[in-house]
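Visitor: Sequence:
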Amino acid sequence: MKLIGRLLLYVLIACLVVIFGFYFLLQTRWGADHVSNWVSENSGYHLTFDVMDHRFSAPSHLLLENVTFGRDGQPATLVAKTVDIGLSIRQLTAPLHVDTILLQDGTLNISVQTAPFPFEADRLQLRNMALNSPGSEWRLSAQRVNGGVMPWRPEAGRVLGNKAQIQLSAGSLTLNDVPATNVLIEGSIDHDQVMLNTVAPIWRAER
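For the sequence shown, position 61 matches number 60 in numbering that gives the first Met the number 0, and the numbering has no gaps at all.
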């Protein structure tokens, strides 16, 4: 019995060593390259990122740096300096549905030709992002965009989803060839209808 107990202990230790080794390898450039290649080779998507970061101080968050994502043979849907993915126990039953996704310092293309995302979130957050919709009815181009979309359930041809609440601010924006600066946008998306409750300038107090 003692021999069996020792063998089980050694097997457990070996498994833990392998798990921790794999965990740390994933946070290296080597790990990022292998994950990117696996996704690109086993799906219709193209994914690249420099490094994946996970910290025990924020165990529910996964951080990807210098991310490019899109469908094979099409322009990138997303280019971002950082993508922060907030995880929860929900991943046990719905691995592609996360709590939050924060996109920071990059560009999100929301035209009908761009690739749909294979995952969804309770909230999509944007921080210092650019939004473009080339070839769509909106003809939208926005810079320095901050805000959120709740919930975020992207579909083919609808990167922001079919039904959601939106609240965004933009440092500069051109919508259907009409330019504006420091704009606040609040509204909702309901299938083919976009209802904007607020489109207003952001007043800044002079110092």
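Honestly, the hints are just simulated from the structure, not real lab data. Backbone N, C-alpha and C fix where the C-beta goes; we use that ideal spot for every residue, glycine too. Careful, some of the hints might be misleading.
Unchecked claim - Derived SDA-like pairs: lysine to any residue, alpha-carbon spacing no greater than 20 Å straight-line:
1. Lys80 with Asn127
2. Lys80 with His45
3. Lys80 with Lys162
4. Lys162 with Arg122
5. Lys162 with Asp98
6. Lys80 with Trp29
7. Lys80 with Asn41
8. Lys80 with Arg138
9. Lys162 with Asn127
10. Lys162 with Arg143
11. Lys80 with Thr99
12. Lys80 with Pro94
13. Lys80 with Thr47
14. Lys80 with Glu40
15. Lys162 with Glu119
16. Lys80 with Leu130
As the list claims (entries may be wrong) - Label pairs and their in silico Cβ distance ranges:
17. Gln164 with Leu7: 48 to 54 Å
18. Leu7 with Glu154: 18 to 24 Å
19. Gln164 with Ser59: 54 to 60 Å
Visitor: For each hint, tell me whether it holds in the structure or not.
Guide: Hints and how they fare:
1. Lys80 with Asn127: 10 Å, holds
2. Lys80 with His45: Satisfied, since the Cα-Cα distance of roughly 17 Å is no more than 20 Å.
3. Lys80 with Lys162: 27 Å, violated
4. Lys162 with Arg122: 12 Å, holds
5. Lys162 with Asp98: 17 Å, holds
6. Lys80 with Trp29: Holds - the C-alpha atoms of tryptophan 29 and lysine 80 are around 19 Å apart, at most 20 Å.
7. Lys80 with Asn41: 24 Å, violated
8. Lys80 with Arg138: 25 Å, violated
9. Lys162 with Asn127: 24 Å, violated
10. Lys162 with Arg143: The given pair, whose Cα atoms are some 24 Å apart, is violated under the 20 Å limit.
11. Lys80 with Thr99: It holds: about 17 Å lies between the C-alpha atoms, which stays within 20 Å.
12. Lys80 with Pro94: 24 Å, violated
13. Lys80 with Thr47: Holds: lysine 80 and threonine 47 sit about 12 Å apart, inside 20 Å.
14. Lys80 with Glu40: 23 Å, violated
15. Lys162 with Glu119: 13 Å, holds
16. Lys80 with Leu130: Satisfied, since the Cα-Cα distance of roughly 15 Å is no more than 20 Å.
17. Gln164 with Leu7: 48 to 54 Å: 52 Å, holds
18. Leu7 with Glu154: 18 to 24 Å: 48 Å, violated
19. Gln164 with Ser59: 54 to 60 Å: Once the Cβ atoms are compared, 24 Å apart, the range 54 to 60 Å for serine 59 and glutamine 164 is violated.
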